[in-house]
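Starting from the given sequences, assemble the full structure and let the hints guide the process.
Number of protein chains: 2
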Amino acid sequence: MTRAATLAEIAREAGVSAPTVSKVLNGRADVAQATRERVEELLRRHGYRRRRGTQSSPLLELVFHELESVWAMEVIRGVENVAREEGLSIVLSESSGRLTPGQSWVDGVLARRPTGVLLVLSGLDRSQQEQLAGRDIPFVVIDPAGDPGQGVPAVGTTNWDGGLAATRHLLDLGHRRIGLIGGPSRMMCSRARADGYRAALDMAGIAYDPELVRDGDFHHEAGRRVGLELLGLPERPTAVFAGNDLQALGLYEAARELGLRIPEDLSVVGFDDLPLARWVGPPLTTVRQPLTEMAEVATRMVIDLARGTRPGTLRVDLATSLVQRSSTAPPQTPSRTVDGESPRL
Amino acid sequence: MTRAATLAEIAREAGVSAPTVSKVLNGRADVAQATRERVEELLRRHGYRRRRGTQSSPLLELVFHELESVWAMEVIRGVENVAREEGLSIVLSESSGRLTPGQSWVDGVLARRPTGVLLVLSGLDRSQQEQLAGRDIPFVVIDPAGDPGQGVPAVGTTNWDGGLAATRHLLDLGHRRIGLIGGPSRMMCSRARADGYRAALDMAGIAYDPELVRDGDFHHEAGRRVGLELLGLPERPTAVFAGNDLQALGLYEAARELGLRIPEDLSVVGFDDLPLARWVGPPLTTVRQPLTEMAEVATRMVIDLARGTRPGTLRVDLATSLVQRSSTAPPQTPSRTVDGESPRL
Chain A
1 MTRAATLAEI
11 AREAGVSAPT
21 VSKVLNGRAD
31 VAQATRERVE
41 ELLRRHGYRR
51 RRGTQSSPLL
61 ELVFHELESV
71 WAMEVIRGVE
81 NVAREEGLSI
91 VLSESSGRLT
101 PGQSWVDGVL
111 ARRPTGVLLV
121 LSGLDRSQQE
131 QLAGRDIPFV
141 VIDPAGDPGQ
151 GVPAVGTTNW
161 DGGLAATRHL
171 LDLGHRRIGL
181 IGGPSRMMCS
191 RARADGYRAA
201 LDMAGIAYDP
211 ELVRDGDFHH
221 EAGRRVGLEL
231 LGLPERPTAV
241 FAGNDLQALG
251 LYEAARELGL
261 RIPEDLSVVG
271 FDDLPLARWV
281 GPPLTTVRQP
291 LTEMAEVATR
301 MVIDLARGTR
311 PGTLRVDLAT
321 SLVQRSSTAP
331 PQTPSRTVDG
341 ESPRL
Chain B
346 MTRAATLAEI
356 AREAGVSAPT
366 VSKVLNGRAD
376 VAQATRERVE
386 ELLRRHGYRR
396 RRGTQSSPLL
406 ELVFHELESV
416 WAMEVIRGVE
426 NVAREEGLSI
436 VLSESSGRLT
446 PGQSWVDGVL
456 ARRPTGVLLV
466 LSGLDRSQQE
476 QLAGRDIPFV
486 VIDPAGDPGQ
496 GVPAVGTTNW
506 DGGLAATRHL
516 LDLGHRRIGL
526 IGGPSRMMCS
536 RARADGYRAA
546 LDMAGIAYDP
556 ELVRDGDFHH
566 EAGRRVGLEL
576 LGLPERPTAV
586 FAGNDLQALG
596 LYEAARELGL
606 RIPEDLSVVG
616 FDDLPLARWV
626 GPPLTTVRQP
636 LTEMAEVATR
646 MVIDLARGTR
656 PGTLRVDLAT
666 SLVQRSSTAP
676 PQTPSRTVDG
686 ESPRL
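From first to last, the protein sequence lines are chains A and B. Under my numbering, think of the first position of the first sequence as 1, with each following residue one higher. Under my numbering, think of the first position of the second sequence as 346, with each following residue one higher.
It is possible that some hints are incorrect.
[What the hints assert, rightly or not] Pairs of lysine to any residue, SDA-like flavour, derived with a Cα cap of 25 angstroms:
no.	chain 1	residue 1	chain 2	residue 2
1	B	Lys368	B	Thr380
2	B	Lys368	A	Arg84
3	B	Lys368	A	Ser56
In short, the hints are calculated from the structure, not lab data. Since this is a predicted model, take the numbers as computed values, not measurements.
See the structure below:
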């Protein structure tokens, strides 16, 4: 089945001209919505694929669901490192906080014919995936927020192991009342980190206490707000796994407001190892997520796919590692100090 | 003079075909280097300008000289805010630390035909400026590093006023030995901030002491290194204007290493007001540079230029403002505490 035949076939079946089908394929705006949908439906039904080798632009599309965080810069740097080597430019978009980008973004991508698409914390719905596949535009998800679906190429990190390592570090120091500030529960990475926390407690024979576990949204302000709740408990935790670095800094602020010293009165572990984790006072013990390397691996993967090279595996999780700094220490005369019954030594 | 006539004229003079001139105009790679240079030279000499209205792509080019810093994210967000409203996508590049992007970047821009170009801390040389002008691609410099040159549209901030305000704040608190960690001296913004510092001292009748003034590079590590030098002086400063926020955090680290408390033993003022300035301990007093707004104004300006609207002014400096937080306080029994002669009250 040659491309010309299929184009003509689809045009005939849709009752339009071949150039109109071509316009739809190229994401051109000058096709009526109803016609476009009919043609898209036929392209889908016939499993139409643009012949490999159709000229693509030396562009990589990079989409974030939000650009708020310093987190995003680590990813951009990784993509940029590989793109520059390969002579590709990056087209950057933000999906305004939605985890799936809108149709206007897809139309733009079809018109630009990029070499590939990188999605950060976002997924494409089935129809969007088919539209890209029909134009032979590969895509890879970086740090998938939800389950990206069978066969969708994705590069993540070992979030569960990271949550486990963070919590074990606190257990090893002697902490028993360990709080958790989780991320949004709709995100896979938050769930995996929280499950790692739970597994570590369980393996240490410590009962899971739902009162010590609260959801945040991965931003600084949530860390402060939820931190104030946790530190205001009648029997407050001596240590908190803060879910990510920004929440850890919010928790630092909550501790300062309450006059609690880190690590003497409260141990804190973050997640991400953003540059600022080294710079805060005290420097933050955290779980390093290799964001820049994840972005580099994903960029190489999407370029391989664009060249028709099938990577050995379409799902990679890069390892996390605990980085010990100065925000964690053994608890001071655990829990009894709260009641003021135990004198300072 | 119509476009066709000029193209033909230039082709005749260069001894090539009109399509070859067209290829050069569109940044196509398949023209011999010598031919390309001859044609570029003729385009320049004849002051050739592509007729306004030639179709441009709905892209904005955004170029950084480096993406290392969280600073860059504030700018990206501002550009993205306006680009999204206007239905434009952003093509992001990094010029690998050089303040002027290379020719391969220019070729890419000519091939992509963006609506406009935004340069951050970078300038274009004269030939690059003429290549863009010949294709009617406007550009605006955000926070010009050097003098962008007469008539070059640019959006900056009042760096001199900011340096003055930072230093005056410390003087008002009673400090007399005030150090400065400057940025790279090749950057206009560092020079302006340093001159503001000097002017404030001068107006307060305090002699400028070169020993208290050192150059950094706007990164965290320089703040720590230069901070250790300043704090190791026989008569150390009681306050330091750190040049930017990252250097201020480096200085925080230097102070921690020496067991000096902020603000009791050392007052610190930053510059930028990055999000992390609020999050560190103690929260940083700093000069707010409205990076996101600067990027928004620059983006609107380049879009206006692309539409043929001449903005009222081509040079805008947005105002800085001092944000007082907790890293500054009056000096404790100034200078005598250093010698240990003055007992604590």
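These are the hints, each one checked on the structure:
no.: 1; hint: B:Lys368 <-> B:Thr380; in the structure: holds, 11 angstroms
no.: 2; hint: B:Lys368 <-> A:Arg84; in the structure: holds, 24 angstroms
no.: 3; hint: B:Lys368 <-> A:Ser56; in the structure: holds, 18 angstroms
Going through the hint list in order, the structure satisfies each hint without exception.
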